[in-house]
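Protein chains in written order, with our numbering: chain A, 126 to 288; chain B, 288 to 443.
Hints listed in this document are in silico derivations from the structure and should not be mistaken for laboratory results.
Even glycine gets a Cβ: it sits at the ideal position worked out from N, Cα and C.
A portion of the hints provided could be inaccurate.
[Stated by the list, open to error] DSBU-like, lysine-lysine: derived pairs with alpha carbons at most 35 Å apart: (1) B:LYS409 - A:LYS206; (2) B:LYS409 - A:LYS279; (3) A:LYS206 - A:LYS252.
[Unchecked claim] Just the calculated beta-carbon pair ranges, DEER-fashion: (4) A:ALA151 - B:ALA346: 47 to 53 Å; (5) A:GLU158 - B:GLU342: 37 to 43 Å; (6) A:THR166 - B:ALA393: 36 to 42 Å; (7) B:ARG340 - A:GLU162: 25 to 31 Å.
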Amino acid sequence: MTPVFGALARPARESPVIFLVEDNPADIRLTQEVLREAGVTHRMQVARDGAQALAMLRRLDGYRDLPEPDLILLDLNLPRKDGRQVLAEIKQDPELRHIPVIVLSTSHADADIAGCYQAHANCYLTKPVDLEEFSEMARVLAAFWLRHVRRAPKRGGPRQART
Amino acid sequence: MSEATESDGAFEILLVEDNARDVRLTQEALAESGFPCHLRVATDGEIALRMLRHEAPYADAPQPDLILLDINLPRVNGREVLAEIKRDAALCTTPVVILSTSHADADVATCYRLHANSYITKPLDFDHFVQLMRSVCDYWLRHATPPPHRPSKSPP
Chain A
126 MTPVFGALAR PARESPVIFL VEDNPADIRL TQEVLREAGV THRMQVARDG AQALAMLRRL
186 DGYRDLPEPD LILLDLNLPR KDGRQVLAEI KQDPELRHIP VIVLSTSHAD ADIAGCYQAH
246 ANCYLTKPVD LEEFSEMARV LAAFWLRHVR RAPKRGGPRQ ART
Chain B
288 MSEATESDGA FEILLVEDNA RDVRLTQEAL AESGFPCHLR VATDGEIALR MLRHEAPYAD
348 APQPDLILLD INLPRVNGRE VLAEIKRDAA LCTTPVVILS TSHADADVAT CYRLHANSYI
408 TKPLDFDHFV QLMRSVCDYW LRHATPPPHR PSKSPP
């Protein structure tokens, strides 16, 4: 599946890349929308399941030319590979662990929240039901992570495929 | 800025910073940002770790919801403090935001590898610093879901 890019008129070549891992198409559309309205220029990549997410991050097979994302927004309940497992693999991978991972989930469960922080998620955001609140959250998230935060330098060059 | 000795449910921030001027600036910037919170200051890494572990004389120190950590500290340096926090099962879930004057890629990379939650380069002018603190508070106090609290007095 080809990555989906945000429909900005002319996304800057060097604008930050947000990598959204989410299986629900309506949620994908909504998240893209609120981030677009947040007013910080960016490009978006989307993976719809945990296995695809890791393949894209590791730039395997058809994904060799993908840019390294600046930020990962990760849902927990994903097909093929669960988001909790994806988080663990990202944060244990020396090639990927520097990328900020924001868990964006509807789960309010203490076990999920604590578990994600223990697995070194950079942050946990509980997805608001209210659209206004979600828009506001997206605005604050974009300002914080894309304008104010200094992100780790990217690992350069295409990566070797793992066997 | 309140310096209550007991947590009353307000957002607790621990600032680990040895430079008195930067402490004052951070306090002012947080106050101007208008978000209600309690700010506690540790002037070096060793004090910070004692506070976090409720070791004497900090047995009653409330558990912070957020740690703002300068990486250039005397005695135990900031990177060591970060590494200790993130290695400690009782402390590792606490979000740590690095506040540093260093722009160096190596410093940023090291902190993220040590599982800093975010890294922020301190702006030089006060207005930008206030704007930044506003963003930090807006994000971490209002929108982020913090890790569930452990009891404030951890068993030895």
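Structure-based check of all given hints:
no.: 1; hint: B:LYS409 - A:LYS206; in the structure: violated, 39 Å
no.: 2; hint: B:LYS409 - A:LYS279; in the structure: holds, 21 Å
no.: 3; hint: A:LYS206 - A:LYS252; in the structure: holds, 21 Å
no.: 4; hint: A:ALA151 - B:ALA346: 47 to 53 Å; in the structure: holds, 50 Å
no.: 5; hint: A:GLU158 - B:GLU342: 37 to 43 Å; in the structure: violated, 49 Å
no.: 6; hint: A:THR166 - B:ALA393: 36 to 42 Å; in the structure: violated, 28 Å
no.: 7; hint: B:ARG340 - A:GLU162: 25 to 31 Å; in the structure: violated, 44 Å
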